[in-house]
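Trainee: Listed below, chain by chain, are the residues.
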Amino acid sequence: MRDFRSSYISVASLLAGLIGACAAAALALAADTPAPRLPSGVPDFSSHDMGWAADGIEFLPVPGEKFAPVTSDPQHPYCGNRRLAKCNFQNLPAIGDANNPILQPWAAAQMRKTNQEILAGKTAFEAMGRCWPGGVPGMMLFTAEPAYFLQTSQEVTIVYSRGPNIRHVYMNVPHSRNPPPAWYGESVGHYEGDELVIDTIGLSDKTFVDFYHTPHTDKLHVVERYKLLDGGKRMQGIATIEDPGAFTAKWKAMHYYIRHDTPIADSESICAENNDANYFHEDEVPIPQAKTPDF
Amino acid sequence: MKDISSFPPRGWVRGLLAVAAVAVLSVATAPKLAAAAATGDVAGMWWASSYSPSIKAYLVGGGDVPLNDAGKKKYAENQAGLRSGMIVDRARKYCTPDGLPRSLATPYPFQIIDAPPGQMSWVYEQNRMIRGISMVKQLDPLAKLQILPFWNGHSAGHWEGDTLVIQSGGFNESTFVDATGLPHSDELQTTERVRKINGGKQLEDVITIHDPVYYARDWQARFVYDNHDGMRMMEYICGEPHRDISGIKGVNEARAANAARGR
Chain S
6 MRDFRSSYIS
16 VASLLAGLIG
26 ACAAAALALA
36 ADTPAPRLPS
46 GVPDFSSHDM
56 GWAADGIEFL
66 PVPGEKFAPV
76 TSDPQHPYCG
86 NRRLAKCNFQ
96 NLPAIGDANN
106 PILQPWAAAQ
116 MRKTNQEILA
126 GKTAFEAMGR
136 CWPGGVPGMM
146 LFTAEPAYFL
156 QTSQEVTIVY
166 SRGPNIRHVY
176 MNVPHSRNPP
186 PAWYGESVGH
196 YEGDELVIDT
206 IGLSDKTFVD
216 FYHTPHTDKL
226 HVVERYKLLD
236 GGKRMQGIAT
246 IEDPGAFTAK
256 WKAMHYYIRH
266 DTPIADSESI
276 CAENNDANYF
286 HEDEVPIPQA
296 KTPDF
Chain D
31 MKDISSFPPR
41 GWVRGLLAVA
51 AVAVLSVATA
61 PKLAAAAATG
71 DVAGMWWASS
81 YSPSIKAYLV
91 GGGDVPLNDA
101 GKKKYAENQA
111 GLRSGMIVDR
121 ARKYCTPDGL
131 PRSLATPYPF
141 QIIDAPPGQM
151 SWVYEQNRMI
161 RGISMVKQLD
171 PLAKLQILPF
181 WNGHSAGHWE
191 GDTLVIQSGG
201 FNESTFVDAT
211 GLPHSDELQT
221 TERVRKINGG
231 KQLEDVITIH
241 DPVYYARDWQ
251 ARFVYDNHDG
261 MRMMEYICGE
271 PHRDISGIKG
281 VNEARAANAA
291 RGR
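Sequence lines, in order, name chains S and D. Be aware that the first sequence starts at 6, since it is given in the working numbering, and climbs by one per residue. Be aware that the second sequence starts at 31, since it is given in the working numbering, and climbs by one per residue.
Everything labelled a hint here was simulated from the structure, so no lab data went into it. A portion of the hints provided could be inaccurate.
Stated by the list, open to error - Per the computed footprint, the stretches of chain S lying under chain D, defined by three or more beta-carbons under 8 angstroms from a beta-carbon of chain D, are:
| hint | region |
| --- | --- |
| 1 | 171-181 |
| 2 | 186-192 |
What the hints assert, rightly or not - As a list, the in silico DSS-like pairs of lysine-lysine whose alpha-carbon atoms are at most 25 angstroms apart:
| hint | chain 1 | residue 1 | chain 2 | residue 2 |
| --- | --- | --- | --- | --- |
| 3 | D | LYS123 | S | LYS296 |
| 4 | S | LYS71 | S | LYS224 |
| 5 | D | LYS279 | S | LYS296 |
| 6 | S | LYS211 | S | LYS127 |
| 7 | S | LYS255 | S | LYS211 |
| 8 | D | LYS86 | D | LYS123 |
| 9 | D | LYS123 | S | LYS211 |
| 10 | D | LYS104 | D | LYS86 |
| 11 | D | LYS226 | D | LYS167 |
| 12 | S | LYS238 | D | LYS167 |
| 13 | S | LYS255 | S | LYS232 |
| 14 | D | LYS279 | D | LYS226 |
To be verified - One side only, chain S facing chain D, incomplete, derived with CB under 8 angstroms:
| hint | residue |
| --- | --- |
| 15 | SER51 |
| 16 | ASP54 |
| 17 | LEU155 |
| 18 | GLN156 |
| 19 | THR157 |
| 20 | ALA270 |
| 21 | GLU273 |
| 22 | THR297 |
What you are looking at is a predicted structure, and each value in this text was computed from that prediction instead of being measured. Built from N, CA and C at the ideal position, the CB exists for glycine as well.
Produce the entire structure from the sequences given, and follow the hints as far as they go.
Mentor: Written as structure tokens, this is what we have:
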């Protein structure tokens with residue numbers, strides 16, 4: 006007589022084995038899913054039907070690095086919208102740690118002065134909120150709306166919906182000789198394996214490096230490296246920052262980006278739409294405006 | 031006797047017939063599908079060589095714009111408001127987007143980028159305007175687009191041979207048709223036919239304006255741009271010095287007219 010019980014166990018074992026194998030394979034696949042690539046073979050940052058939103062407004066330290074980006078003053082921990090629940094729903098301003106060893110004395114002094122003004126109640130300048138360009142690497146922290154990478158063989162155009170702001174990265178060419186200082190500077194780029202590498206110089210000193218009003222000079226040199234993670238679900242940006250006029254050493258800052266499922270065709274965020282009126286803060290820096298029409 | 035109830039024949043005979051039918055259909059429709067899939071190329075850096083504040087200079091067939099009575103009334107209000115300062119030309123004071131069709135008259139260069147995949151992106155130097163055009167989706171009905179109107183409208187495009195056809199709708203009412211204050215409503219819908227001309231040295235954009243609120247009939251304007259591939263875009267920050275465009279025909283006259291009006 007045929008032993009149905011042993012047959013059942015055999016089939017169940019086979020199924021369990023198959024399920025286990027599939028699960029293991031899925032896990033391995035998730036861990037090693039390769040980043041998407043364009044037909045040309047380069048990594049696809051191009052936001053086919055989505056953009057990239059910055060995950061937070063602060064730079065993170067890069068593990069293993071001696072120097073770290075400016076963070077919140079330990080005496081005055083920052084509490085923004087994302088952390089309200091952790092700090093009794095008190096919205097506390099961003100006060101930078103002026104004791105960070107990367108700051109040259111004048112930069113630390115300027116940060117302390119800004120901190121005092123903020124603590125005294127002054128509304129601090131905030132490029133993203135007042136419709137001014139964030140500069141580089143400041144643009145890496147523009148969070149509210151998605152950024153889009155438009156990749157061609159000659160140029161990567163980065164469109165930050167907020168503003169909008171636009172950066173032009175010219176691929177596989179050297180920098181100009183002494184480019185004039187500009188809000189976004191002059192950016193050239195190339196690919197290194199899975200990374201998009203963007204080298205920027207020619208930055209004016211009108212911007213801050215970060216949300217903590219870390220100053221810089223026009224000697225600022227930034228190298229950004231963008232890499233897709235988790236099969237393209239997240240993106241990592243690491244900036245190497247040097248400025249012999251403002252910092253004591255070369256340092257690195259890291260930031261993560263998450264998918265924002267809005268294609269560029271469905272994205273418009275005009276910063277100057279309503280911000281000409283300072284409804285609540287009369288001491289705010291005016292938004293960019295022309296005294297006379299350009300043409 | 032042959033069982034005709036089994037017709038069409040079962041089994042391999044039916045399979046063969048099906049394969050043959052698919053093959054015949056494929057051959058018959060292949061040219062049509064290939065034509066539909068054909069795409070042109072309008073990517074590049076483009077720059078107009080002349081500028082006029084009035085869209086009359088660009089009208090197809092000349093004449094005047096066919097304003098209806100409501101349009102004439104609104105146009106008069108806009109012009110009076112711009113003169114008195116009661117109406118602010120936000121596109122020039124705060125550098126908000128010009129909208130369509132005004133942005134097509136820009137005397138600054140703009141770039142058409144065939145990216146990201148499935149979309150085309152128009153990147154303007156002036157006011158850092160962006161137009162994202164879906165090449166894989168159809169434009170939603172106007173009523174749906176009006177729920178979230180954009181300054182530059184919502185756009186979808188497709189290729190007809192070497193011509194890029196862009197349909198747009200869902201505009202907000204914060205822009206003018208041109209710098210003189212010619213009005214449009216939120217029912218504005220446009221169709222652009224964009225193609226390279228003159229051996230690729232120039233780009234032509236013929237736009238059809240459909241706005242039954244302010245215009246008695248549809249009308250068209252034509253814009254032509256020169257190719258400037260290799261030229262780089264420059265920064266445009268509202269109120270700061272920009273690229274020198276005094277060499278663009280009509281710009282100095284427009285600036286002089288603005289100054290004379292105290293604008």
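Trainee: Could you work out which earlier hints the structure fails to respect and list their numbers in ascending sequence?
Mentor: none
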